[in-house]
Structures are given as C-alpha cells and as structure tokens.
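The whole structure should be built from the sequences, with the hints applied where relevant.
These protein sequences, in sequence, are chains Z and B.
Quick note on the working numbering: the first sequence kicks off at 11 and runs consecutively.
Quick note on the working numbering: the second sequence kicks off at 11 and runs consecutively.
Hint data in this document are derived by calculation from the structure and do not stem from the laboratory.
Misleading hints may appear alongside valid ones.
Keeping only pairs whose Cα atoms sit at most 30 Å apart, straight-line, the calculated BS3-like set for lysine-lysine is [what the hints assert, rightly or not]:
#	chain 1	residue 1	chain 2	residue 2
1	B	127	Z	127
2	Z	127	Z	261
3	B	59	Z	59
4	Z	390	Z	220
5	B	354	B	370
There are 2 protein chains.
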Amino acid sequence: MNFSNHFSDAANRMQPAAIRSIFNRMQPGTISFAPGMPAFSTFPVERIKAATAAMDDEAMRQSMQYTVTEGYLPLREWVARQMPVSTATTADNVQVISGCQQAIDLMGRVFLNPGDKVAVSAPTYTGGLSTLSVYGAEFVEIACDDEGMLPESVEAALQQSPKFIYCIPNFMNPTGVDMCLERRQAVVDLARQYEVPILEDDPYGELRYKGDPVASLYELGPDCVVYAGTFSKVFAPGFRVGWLVAPIEAKERLTRAKQTSDLQVSGYTQRLLFDAAQDGFLQEQIARVRGYYYDQRNLMMEGIDQYFPPEVNYVTPSGGMFVWCELPERIDATELLETALDRKIAYVPGTLFYASDSGKNTLRLSFSLASAQEIDEGLKRLGNLFAEVIG
Amino acid sequence: MNFSNHFSDAANRMQPAAIRSIFNRMQPGTISFAPGMPAFSTFPVERIKAATAAMDDEAMRQSMQYTVTEGYLPLREWVARQMPVSTATTADNVQVISGCQQAIDLMGRVFLNPGDKVAVSAPTYTGGLSTLSVYGAEFVEIACDDEGMLPESVEAALQQSPKFIYCIPNFMNPTGVDMCLERRQAVVDLARQYEVPILEDDPYGELRYKGDPVASLYELGPDCVVYAGTFSKVFAPGFRVGWLVAPIEAKERLTRAKQTSDLQVSGYTQRLLFDAAQDGFLQEQIARVRGYYYDQRNLMMEGIDQYFPPEVNYVTPSGGMFVWCELPERIDATELLETALDRKIAYVPGTLFYASDSGKNTLRLSFSLASAQEIDEGLKRLGNLFAEVIG
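Set out below in structure tokens:
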C-alpha cells in the first residue's frame, strides 16, 4: 500500500528533527558540543538500586498498576509544596507529564487551531517550535537581549492576539539568558492586560551558578501562567517524569489532553522519583549536579577565552547548559558546520532556534556532556576554524 | 484570567472519561466489574527487584539517559523477532510507545484532519473513540457478530473512504469476540482493494484460554496494517511500554509524531522489560497470567450461569478480560447503573463503546480484578437486579 497520499496536514508539517541529522553525520571520534543531554555521571544509580530494593512489595505493585491520569498523588503534593506559598498551589493544580516536551504538546492540543499564533522568544527551544508547528501554529517572534524578552516587543506580539506566549525565563535554551525580575513582571502584567496565557518552560531552573533565584512567572502570575518543570536535567531524563502546574480551568483541559494522548506517566518511575525527593536526597543530588555543570561551564568559558578569536561574541551564562556564540554577520554557521564535522567537531547552528530566518551567524555550544580534555581540544579546533573563516 | 474562550476545537471535543465518572460515584465496599485493569497479584515484583539489583551500573546509566525516539534497539529487535517470519519485520518497522492508547493517538495525528472518517467496529474500545474524536474523526460503524466484523459491513464502510480502520481482532474490547481467520483475511483483502490502512490494536492477544492463535491482521497484510502491542496486560501497565509495528513509510511518520509528542518512552522501563523478555521469564510470566485470568473467567461464567435470569444473553469469551451481556431491549443499562451503584455493584454500560447511540441494553463485565468471593457476591447482586427489572 502506498501511504503517501494518506497523511494528515499535521503529519505533513512534521519534519525529522534537525539536530538529529547532525548526530547522524558525525564521524567516530567527533567531539560534540551539540546535544543538550545531561552527563551520564550525574545519574544516581546507587540511590535507585537502594530505593528499589527497599520498596515495599505492595507499594511496588501499586506503582505497576494503572493510576489516575493526573499522576501519583504524593508526587503531585510534593510538586505543589515546591511552588511559592503565595501561589496557593495544591495537588489539584498539578498534572504529572513525561517531561517539558509533553507540556508543549499538551498546550498545543488544548489551545491551538491551525493558523493560530504563538508568541515565542527569538531564539527559543527548537523542539518547541517543531511541536507547535504540528498544530499549525504561526509564530510571532519576541526580541530579546541579555536580560530576556523586551517588553515593547512582548506588547507588539500580544497585539497580534497569540493564543499563548511560550518562553524559558531561566537560562533560556539556547542563549543561556536569565530573564531579570523587572522583565518577568512586565511580561506577566502584559499577559494579564491582553488576556493571553503564558507557558513557562523551566527545565534548567535548578542549574543556577551565579546570583539568587529570580521569581518564576508562575509566582508572579499564578492566574495566567502554566508552569512546566522536570526531573530530566537534575535526575534522569530516561525516567520521563515532569510536571505542569496550572490554573484549575487550564489544568483540567490539560489533564484530558494527557488522558487521550497516553493515559498517564509511568507510575513506577514516578514512585522512584518521589522516593528520591524524600529525606533530602534530591537537594543533595541537585547540589552535586549544579556543582558538576558549574565546573563544566568554567572549563568551557576558559577554553573559549583562550582559543576563540576576539570577533566571536558570547556571554558567560549564569546557569543552564549552553553558551550562545555570535560570529561576524557575514559568516553562516550552518554552512560552516560542514567543515566543522569534517574536522570532527559538532555544534548546533543558531538558525534552528528561530521561527524566522534569523540567526545565520549564531551557534549553540553545550558543555553538559564533554570531558575536560574534549572541551579543551574541541574549542581549540573550533577556534582555529573560526579564525580561518574570519580571516 | 478566564480561560474558557481560549481553548482549541480539539480541547472542546475532549470529554472527561466516562468510565472514570463511574469510579467517582462508587461507595466504599462496592464490588466493581468495571475496570479493565490487570490484577495486582500478576505483577512480577521479585523479577524487577532482582533485575534492578543485577543491572550493570553503566547499562543503568544508559537507560537513564535520553535515547532515540524509536526506542531501545535490543527491545525493538526483540519485538521484530516476535512477529511472523513471513512479514520480514525488522527493528526498522518498530516504534516503542507508551501503550496501545498512544498508538491510537499517533495514528490520529498522522492520518486525520478534522472531519475525516474512521471505520470502527461496533462496539469498540471507548478510549479509542475518545482519542480519535479529539482529532475531529467522524465514525463509520462496522457491524459485528460472534466471529468478528461482517465483511459486507466492512466493505460498506470502506466505500465511505475512511482514513483507516480501527479494530481489536483478538478478544475485542468490550465483547471478547475473537475474529475468525476468514473474516481477518476478508478485512485485509478489502483494505488492500480500497487502499485503506488498518490499525490492529492487540492488548489481549496473549490472554487466550481456548483454541489456537489466529493469524494477526499484520501477518496477513504487513503492507497495510499498523500493529499495536503492549506489556500492559501481561506484565505491568505502570511501566508504560508498548510497541507499534508498521510499514516503513507509515512508521517513519509515526516516529516523528512520537518525537513531537513526548520525545521517547522511558529508557529505564524499556530496559527492565527487555531484561524480563530474556531467559524465558516473559513466557513463564505470560503462562502464569493466562492461567490466572482463565480461572477468573471460569469463576465468572459459573456465577453468571447460576445467578443471571435466562433473558440475559452472553457468550463465554475465549480470551481477554471481559464478558459482554445483552439485556432485553426495553432495559437501559445506563439508567440501571444508578440502582446498581446504590446496591454497591458496578459495570460499564455498553453505550460507551459505540460511536453511535446503540447498545442501550448492553453492558461489559470485567473479571480481571475481583476476588472469587467478590465475583460470586457481585453476580448474585446483579442477577437479582436483572431479575427484578426484567420482571
């Protein structure tokens, strides 16, 4: 049977993941600053083994059964307790999801008809753009600087009546920018004024290396913000557990959307993660992971300082996993990737993070996965390549 | 913020799960034949504990990392080996999913535009109808008898140009009917003739109590059938691992749809299930589970024979978890459920399994979860109720 004329409009909007095609072209021995994956060494294997061995058989059977779509109640109560007291969050506001990717998918399902607009920061998470595109979203870009989204650009976007704003205030993927409090407050105020909800995607919030935590958009606007968090970066992405916190009316629709998608998240991995959140283990784990990436970031910034020509612009990120680089405008980072891959070094071209055609001269480097030696050698290769093309 | 005028057409098509509302109204002490959940006692707790303790730390870290969307390769190879040799299935045809519910969702995403038709057996899985409705599906019902879908009704449905056929040939939910080989061949032949693919949903295939296995639709038509299987009924639904097997062109689109939905299934639970599929454990487990439900079925059929008035029609299912009952036509099983719940006995009214308004006098009884004593007492209560209303 020939399937090609059977597919839906949504299917025809789905593209194979662009970052994956970079992985597919890597030769053995390539040093990769491309993936946003956590480091293997941070996964708490011993804790999981001990928790499994210690688990009461009856509790384990419960975790292996179907559960309610909303998720394991003690985990939802734990999530609610993590949210600021002022938000009056309870387990009723919490939906357990398989990670922040699913938050974006469920928001698309609940809010978007084909042709609806979504306001997104420029640049933003490429997987978010792909998923929202499947729902037929048209994007309105919001300009950013080193302190986050520009309020005047937010307002201009809201005047185009988007269905929601999608943003990553903490250590934005891909730029690593930490949105300042004044900007966060301005975005929430504008969202209220224009009655446009916000999806706050927060996979990196715990990975702060400098300064005090800034209030989340949800803390500033629990009436208009859907917050997405995850265990993927600080614990293990392979467990597929994250959470949404939302105003009740939105949360109920998101739960129905989750139910029609896949019924529920694994009760088994939810149970193991809830266990890890007890007796202070998760806080110790987060402190370890944060320390690890802090060292990684410092290694990378030292290498960049040492090897990159002065024409390459970058900002030291105060959190997260990424450094965003701008090459001189005449240089196309997508074209340059071909040569980089030939020289066994990989990064993600910045254009992938834009809904529009922008960012040709930008690229994202991840410091999460490479060893100290790889960081040094990889940045040396990249610095040489940049110096050659800048001339 | 008032969200009510923000929701998408899809969101407005989502209804809270009807079966759940039955659970919500149950008083303590209710004997329930409603849920299609596996029995807690069948979950292999000891095996999981042993496999976790024995897992190599490096393998465990790999399972906790992000994986490719397609799933854990050894598991996909194992799935491919389970399919008939004649189908020439390889790991390239396999997409790991979180369960059969997700198969339905991904098929909706890949094949349906709002208003497209889907041909479904009448009755069929209520969760399938809900999920496909979210995509704006219009249903064309296919009439069934005790041997499955009627070929003339399949052909009439195909003449209305549905995007695909959705069916459960093995021990159909809710009727327990096992489609005979001739009917299966006829459905595949017609699907080819009309160029309409089939989604074959097979959660219950391993739970056969009588007769030899019948060829799957996928075995008969690997070019036109998307097959969905799961570990949920024979191992543990809380692990959220199932699989799709599909012609390459369809599989690639289904993989992209999975990627935009939730990236991947838990690598951790995939790894544990792959381990369970080694050294004959899974076959032993399936034999145990099958034996357990066989005994449960027999207890239920004995109780029905003993307590139900002769006006109630039913067929002894040769597999699965359900008995389908027909009351005299004048009796409405949905209305009767109110009285049943007052008397602390629960079932699922048959209308929920129809896309149309049919089946008012039908109901589904599950024998998966109740104890022997509950089966006896529950059927006695139900039999008395039926006798009263039949008069």
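Status of each hint after checking the structure:
Proposed proximity of residue 127 (chain B) and residue 127 (chain Z) is supported: the alpha carbons are some 28 Å apart, at most 30 Å. Restraint check: the Cα-Cα separation between residue 127 (chain Z) and residue 261 (chain Z) comes to about 21 Å, which is no more than 30 Å; the hinted pair holds. Proposed proximity of residue 59 (chain B) and residue 59 (chain Z) is supported: the alpha carbons are some 9 Å apart, at most 30 Å. For the hint pairing residue 390 (chain Z) with residue 220 (chain Z), the CA-to-CA distance comes to about 26 Å; that is within 30 Å, so the pair holds.
Restraint check: the Cα-Cα separation between residue 354 (chain B) and residue 370 (chain B) comes to about 21 Å, which is no more than 30 Å; the hinted pair holds.
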